[in-house]
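Please construct the entire structure, taking both the sequences and the accompanying hints into account.
Protein chains: 2
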Amino acid sequence: MEVVFCKVFVLKDLRQITVIGLGLLGGSVSLAVERCFSGVKAVGYSHRAATRRKARRLGVASEVVDDMKSAVRGADIVILATPIFTFEQVFAAITDALHAGCIVTDVGSTKVLPHRWASRTFRRAVRYVGSHPIAGSEQRGVEYARDDLFDGALCIVTHTKQSDGGAVALLKGFWSQVGCRVELMSPAGHDRVFGDVSHVPHVTAAALVNASKSEELKFCGKGFMDSSRIASGPANIWTDVLLANADNVCRGIDRVVAELGKLKGALDAGDAKVVEKLLERARRKRNSLISYKMNKRELIP
Amino acid sequence: MEVVFCKVFVLKDLRQITVIGLGLLGGSVSLAVERCFSGVKAVGYSHRAATRRKARRLGVASEVVDDMKSAVRGADIVILATPIFTFEQVFAAITDALHAGCIVTDVGSTKVLPHRWASRTFRRAVRYVGSHPIAGSEQRGVEYARDDLFDGALCIVTHTKQSDGGAVALLKGFWSQVGCRVELMSPAGHDRVFGDVSHVPHVTAAALVNASKSEELKFCGKGFMDSSRIASGPANIWTDVLLANADNVCRGIDRVVAELGKLKGALDAGDAKVVEKLLERARRKRNSLISYKMNKRELIP
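Line by line, the protein sequences are chains X and H.
With this note's numbering, you'll find the first sequence wraps up at 301, consecutive numbering, no jumps.
With this note's numbering, you'll find the second sequence wraps up at 1301, consecutive numbering, no jumps.
Don't read these hints as lab results, they were simulated from the structure.
Glycine is no exception: its CB is placed at the ideal position from the N, C-alpha and C atoms.
Wrong hints could be hidden among the right ones.
Said to hold, decoys possible - FRET-style restraints, in silico, Cβ to Cβ:
| # | chain 1 | residue 1 | chain 2 | residue 2 | range |
| --- | --- | --- | --- | --- | --- |
| 1 | X | Phe9 | H | Asp1148 | 53 to 59 angstroms |
| 2 | H | Val1274 | X | Arg15 | 41 to 47 angstroms |
| 3 | H | Asp1151 | X | Asp66 | 28 to 34 angstroms |
| 4 | H | Ser1119 | X | Val274 | 29 to 35 angstroms |
| 5 | X | Arg123 | H | Lys1262 | 42 to 48 angstroms |
| 6 | H | Arg1057 | X | Arg53 | 56 to 62 angstroms |
| 7 | X | Arg297 | H | Ser1176 | 38 to 44 angstroms |
| 8 | X | Gly261 | H | Lys1213 | 15 to 21 angstroms |
As the list claims (entries may be wrong) - Once the Cα atoms are required to be at most 20 angstroms apart in a straight line, the calculated PhoX-like pairs of lysine-lysine come out as:
| # | chain 1 | residue 1 | chain 2 | residue 2 |
| --- | --- | --- | --- | --- |
| 9 | H | Lys1213 | X | Lys262 |
| 10 | X | Lys54 | X | Lys7 |
| 11 | X | Lys213 | H | Lys1262 |
| 12 | H | Lys1041 | X | Lys277 |
| 13 | H | Lys1293 | X | Lys213 |
| 14 | X | Lys7 | X | Lys172 |
| 15 | H | Lys1222 | X | Lys222 |
| 16 | H | Lys1041 | H | Lys1007 |
| 17 | H | Lys1222 | X | Lys293 |
| 18 | X | Lys213 | H | Lys1285 |
| 19 | H | Lys1262 | H | Lys1285 |
| 20 | H | Lys1285 | X | Lys218 |
| 21 | H | Lys1218 | X | Lys296 |
| 22 | H | Lys1172 | H | Lys1007 |
| 23 | X | Lys222 | H | Lys1296 |
| 24 | H | Lys1293 | X | Lys222 |
| 25 | X | Lys54 | X | Lys41 |
| 26 | X | Lys285 | H | Lys1218 |
| 27 | X | Lys296 | X | Lys277 |
| 28 | H | Lys1285 | X | Lys222 |
| 29 | H | Lys1296 | X | Lys218 |
| 30 | X | Lys262 | X | Lys285 |
| 31 | H | Lys1012 | H | Lys1172 |
| 32 | H | Lys1264 | H | Lys1277 |
| 33 | H | Lys1222 | X | Lys285 |
| 34 | H | Lys1296 | H | Lys1285 |
| 35 | X | Lys213 | H | Lys1296 |
| 36 | H | Lys1296 | H | Lys1277 |
| 37 | H | Lys1293 | X | Lys218 |
| 38 | H | Lys1277 | X | Lys213 |
| 39 | X | Lys41 | X | Lys69 |
| 40 | H | Lys1218 | X | Lys293 |
As structure tokens, this is what we get:
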């Protein structure tokens, strides 16, 4: 029988947090740890020498190392902030170096696959829980990392029946301490919701840009710029996200196409009543959303 | 033969500008006239008593009147800032009160129909030219009017072979003086371009909101909020805009649907290469657009 030891259950017992991947998100997690947890060592790993140099120069972690196994050794929490489709490999590469009781999480935008890979790879003493802090921007790179990126952000923590309750509670506390409002979800529930509110909007923004002619775009106003902002996000990262949640995204695309069809039908028919009804429905729905976000202080009035 | 008199050809001869409709745009035009043209009287008209009261309280015009004919009497330039489908009626209502040589323009978002209505309604001595300042927001009402709304904005001035060259030149000067960068277009060219860069994005934003479930939307991040911002615009105004440009908008919807179909096909097939190619195309296209806008100082870095 495996002996479980070093299991950290309360935040004050944390000694080391290791972040794998030092981009905008990973760098910001590390900076937030440095700011919000006194006495906790933030160790950062990147496979790129240039990123490690920048990370050291910017002081995003107490220690920046070039070996993944050494990075996770001694960590109470390991946080993956690399592209989703690297997770399975990273899990396999670090599993033997993790101490029993270690909590592994990630900041990936989909959660079904990470849970599946973790349950296949880790021995029972390693406690995997998914995380998805809803923060970031269309920018990338450690140079955009900020210690306040998570202030007021929502963070979804995902767990299954197999998840360790203590690890879930500890991660809730961890994300709260760096400034997040935390909500729990199942991995499947998470992927359905974020397919709709994040991945489908990304696809729609990209489709909108690709459908426009470059010579016309120079005449666009703020509306187009805002509508298309997320299409400036890194293509490789988003390819992973969309493929890791393809079923939900495809269903969402169908729904958007159906709504576009309704508007087109009404325009074709010159039916002002139906056009206005559809636009008014969207306006009200979005205005309710703004009120909700204002109440939650996620939006500044 | 009609005698044309009082024809103003240079900005310094302007004495009175009348704005019909005192919403966000009309109010801002009037405030900008007050700020940028010394010695020019800005007269404002609204058919609503409440709006007139607010406009007077906020001091958006030198004079706020409740009779449209009196409002335009003596005006060198009349600017319509009411919903597009009111233009034909407004043209008919004011035509007899306009002095010969008066310039009539509007700030509507489509230009083919206003030109058609103007050429049907006005006698030759009234000089109609279309305008479309690309400014505004999803907000509405005179309380959001600002005298700097047009600072750095693009303004399209539309003209045909029938247009009076002097009037086109004067309006170019007028919009420049309130802070706009002016470009000339034909009405049909304008409606094709703005169908693509403004009206189709509006439809897409509304479709995106309507395709989402309210209970899921509360989990959305800044990406969804930005992508959907324009869907908060006034439904009645946008219904008019979309119907006044229905052919172009419907063709644009078809193109967006085709692009969504490409992305869905690649996701269905699990084809990472094609997904990434499509996302990368959108990213680059938008990034070139940002560079262009930065150079033109329409975006602040």
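Structure-inconsistent hints, enumerated in ascending order: 3, 10, 12, 27, 36
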